[in-house]
Amino acid sequence: MKKYLAIFLVLTMFVALLPTAAFADGIRLFNGKIEIAEPLNHAAKAYEEATGKHVEVESLGGGVDLQATLKQYYQAGNMPEIFVFEGAPDLANWTGMVVDMSDQAWAADTDAGFVDESGALVGFPYTTEAIGLAYNKSILEKAGVDPKSITGPESMKAAFEAIDAKKDELGITAVIGYCANATELYWSTGQHLFGQYLDAGLERDDTTYFDLLMQGKLDQERFTKFAEMVDLFNHYSDPALLVSGNYDMQVSGFAAGKYAFVTQGSWIGSSLTNQYKDQYAAAGNFECGYVPYAFIEGIDTILTNAPSHWAVYKDGNVAEAEEFLNWLAGPDGQQIMVQEAGCVSPFKSCTVVANDPFAAPVSEFAAAGKTSAWHWMGQPSNLAQDFTGAIFQDFAMGTEDVQSFVEAMTDIIADNIK
Amino acid sequence: MNENTSNRKTLSMTLLGVGTILLIAALYMDFSKNYIRLGSFELRGAFLVLGALCVLAGIYFIPTILHHRAIINCIFLFPLLFTFAVTVIIPMFVGFFYSFTDWNGVTFTKMVGFENYAAMFKEPAFIWSLLLTVLFVIVNMILVNLVAFLLALLCTTKLKGVGFFRAAYFLPNLIGGIVLGYIWQFIFSNVLTKILNSPHSALATTKTAFIAIIVVYVWQYAGYIMLIYINGLATVPKDVLEAAQIDGASDIATLFKIKIPMIAATFTICTFLTLTSAFKQFDVNLALTNGGGTVRGFMGKRLSNGTQMIALNIYNTAFARDQYGYAQAKAILFFIILACVSLLQVRISNKREVEM
Numbered sequence: 005m006k007k008y009l010a011i012f013l014v015l016t017m018f019v020a021l022l023p024t025a026a027f028a029d030g031i032r033l034f035n036g037k038i039e040i041a042e043p044l045n046h047a048a049k050a051y052e053e054a055t056g057k058h059v060e061v062e063s064l065g066g067g068v069d070l071q072a073t074l075k076q077y078y079q080a081g082n083m084p085e086i087f088v089f090e091g092a093p094d095l096a097n098w099t100g101m102v103v104d105m106s107d108q109a110w111a112a113d114t115d116a117g118f119v120d121e122s123g124a125l126v127g128f129p130y131t132t133e134a135i136g137l138a139y140n141k142s143i144l145e146k147a148g149v150d151p152k153s154i155t156g157p158e159s160m161k162a163a164f165e166a167i168d169a170k171k172d173e174l175g176i177t178a179v180i181g182y183c184a185n186a187t188e189l190y191w192s193t194g195q196h197l198f199g200q201y202l203d204a205g206l207e208r209d210d211t212t213y214f215d216l217l218m219q220g221k222l223d224q225e226r227f228t229k230f231a232e233m234v235d236l237f238n239h240y241s242d243p244a245l246l247v248s249g250n251y252d253m254q255v256s257g258f259a260a261g262k263y264a265f266v267t268q269g270s271w272i273g274s275s276l277t278n279q280y281k282d283q284y285a286a287a288g289n290f291e292c293g294y295v296p297y298a299f300i301e302g303i304d305t306i307l308t309n310a311p312s313h314w315a316v317y318k319d320g321n322v323a324e325a326e327e328f329l330n331w332l333a334g335p336d337g338q339q340i341m342v343q344e345a346g347c348v349s350p351f352k353s354c355t356v357v358a359n360d361p362f363a364a365p366v367s368e369f370a371a372a373g374k375t376s377a378w379h380w381m382g383q384p385s386n387l388a389q390d391f392t393g394a395i396f397q398d399f400a401m402g403t404e405d406v407q408s409f410v411e412a413m414t415d416i417i418a419d420n421i422k
Numbered sequence: 030m031n032e033n034t035s036n037r038k039t040l041s042m043t044l045l046g047v048g049t050i051l052l053i054a055a056l057y058m059d060f061s062k063n064y065i066r067l068g069s070f071e072l073r074g075a076f077l078v079l080g081a082l083c084v085l086a087g088i089y090f091i092p093t094i095l096h097h098r099a100i101i102n103c104i105f106l107f108p109l110l111f112t113f114a115v116t117v118i119i120p121m122f123v124g125f126f127y128s129f130t131d132w133n134g135v136t137f138t139k140m141v142g143f144e145n146y147a148a149m150f151k152e153p154a155f156i157w158s159l160l161l162t163v164l165f166v167i168v169n170m171i172l173v174n175l176v177a178f179l180l181a182l183l184c185t186t187k188l189k190g191v192g193f194f195r196a197a198y199f200l201p202n203l204i205g206g207i208v209l210g211y212i213w214q215f216i217f218s219n220v221l222t223k224i225l226n227s228p229h230s231a232l233a234t235t236k237t238a239f240i241a242i243i244v245v246y247v248w249q250y251a252g253y254i255m256l257i258y259i260n261g262l263a264t265v266p267k268d269v270l271e272a273a274q275i276d277g278a279s280d281i282a283t284l285f286k287i288k289i290p291m292i293a294a295t296f297t298i299c300t301f302l303t304l305t306s307a308f309k310q311f312d313v314n315l316a317l318t319n320g321g322g323t324v325r326g327f328m329g330k331r332l333s334n335g336t337q338m339i340a341l342n343i344y345n346t347a348f349a350r351d352q353y354g355y356a357q358a359k360a361i362l363f364f365i366i367l368a369c370v371s372l373l374q375v376r377i378s379n380k381r382e383v384e385m
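Going down the list, the protein sequences come from chains A and B. Everything in the first sequence is counted per the numbering used here, starting at 5 for the first residue and increasing by one. Everything in the second sequence is counted per the numbering used here, starting at 30 for the first residue and increasing by one.
You can take every hint at face value.
Chain B regions said to be covered by chain A (calculated; three or more residues, Cβ under 8 Å):
(1) 133-143
(2) 223-236
(3) 349-360
These are calculated hints, taken from the structure and not from any lab test. Built from N, CA and C at the ideal position, the CB exists for glycine as well.
Please take these sequences and the hints and turn them into a complete structure.
Pasting the structure below:
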């Protein structure tokens, strides 16, 4: 019997040693914007101090495939309560698994929330971003170019020529920092710039060109005008940046005052004041502004939207997740989100303004109602990476001209969208 | 033994019974999500492990002399077989199953039969990736082995500082493919464009980008294969070499008539290694070009995945396009191709080997 006793003891020891699943209290937030990881952690801490409820913030980004990571979590039964998604293609993965939040207090305070096909409010907007043609105000002033004068293709060309003529005098490398590197910046060309063709100058709910795109078609006249503008960028961009450059080169170049214009949106504001603050200071902490991508005379809007939304997972701790989001949308939460994370608040009741070079110009366009939406977010998620980005690069390299660029884009879209 | 038999039988049956109940309870908790807890401890895992141990002990105590040894063998093999099944066999079958569905990584709505398999042969981008990979494998198998063997010969001579050269040639292999890809991307995009004064990086056009991947891959992999060749060359018996020297054989003759035939086994290993690893090329491909490059008029289509190898193609199908089921079908095809090529290659090479 001794032997059996020994075995029994060994077995009980095993049981005592067994690791058990951790039951952390509170909720988990899966954030896809690594730039605001620190402020978010701070917000979570402030929330815990105020309410005693714990929020775990998990921040990923910088090339990590967020949806693939989420799918792994789902397979492992480890879904976070709140998770990020970009537009309808991402959300399609989670049909029937997210909570309708239209009954929440914040819902009435914003119109930037994400509404799905069935009309349910499933996305919490945590920031607003803008895409326009950003400019360096001090260079434009020195060159004697009034940004307000850029209202169409001719005036844009005239402005570029005027600046180009004084390039040495102004000490700049090129008129515009435009980069069409398909490996690194397909999202900038194939999504953000292409998004101008889809939305620039339109009402926020106007989906004319997006609907056409989803049928596999391009409006030839509008797209040709757009192509002519891109051609202008190709011509006046820094050759070292145009095809072989990368995002860092582009943004640091703009921060250092090497380019009068740059084809990046409002998110570079926090890079200017943090990552590249030395270059930015050396260039005189210049003011920034936006002109619309006016490839047709009269286009006067920039594109603003929540770049991604947060959804609440149905089978998680829904009540606490919703409570946290409500707190975040309130004054205490927005204080941190705006001042520390540099987010432009999507909530109407928010009075805090960020200390960001692009915050003021964006608010200006928003206040004047001169904004259009980001319908490019609904295009198939691989379109830019696998197809259109490469054609922008070919165009930049000069292997395509305006006409063959339009043809190539028309063909590839017809082939790949059904 | 007689007296013990009935005892052992009761014990064995009890253990088997308890174990099975515990296992079923654990599985039930897992599926129904009704976890039983002891304080803050969740008992599901404990039930599972304890149940498994009880079952194993029950099997061990089964009163038989005839099969006792076989049972013990099986119990000892169990951990390995179990791990192998969980990590290789079961996922393979699950993957095989998924290749017949429209799985998107979360859920699937229907079985699609052989649709996925049919679709890939109608997709020009995939055919291009497949052909490109074959080309890449052939070029690399030759180049890597050639470079590696020459380096090995160099590093087995009585040169000064041979140890340093060995380490230096091997070093690139220690750097991960992703890091290496970014380092070379910088070299191609920033350094070479300045030196050659060319407007665009070599990575911007399909042909030059493909050559760039080959260069980086050979640079990375030749050092590793070189080590295996050095090892092989060291096993060539000294007496044979000495005999050849006394007979007045030239260095070239010694190399071709003695060294190379003597290390045929090493050649088999090295061609096999380069073959399979070149087929599975992924990380450098991802970091260096991410598959980019324009191809005009392939199967009547314009492609943008000029340098995309098959592994990257599968990855993108799953993760960028959310077509997990379709990607799985491609992966199965890839697996079959790889298995066939490897078997064939080993068969052919084995015939050439010299018995020592």
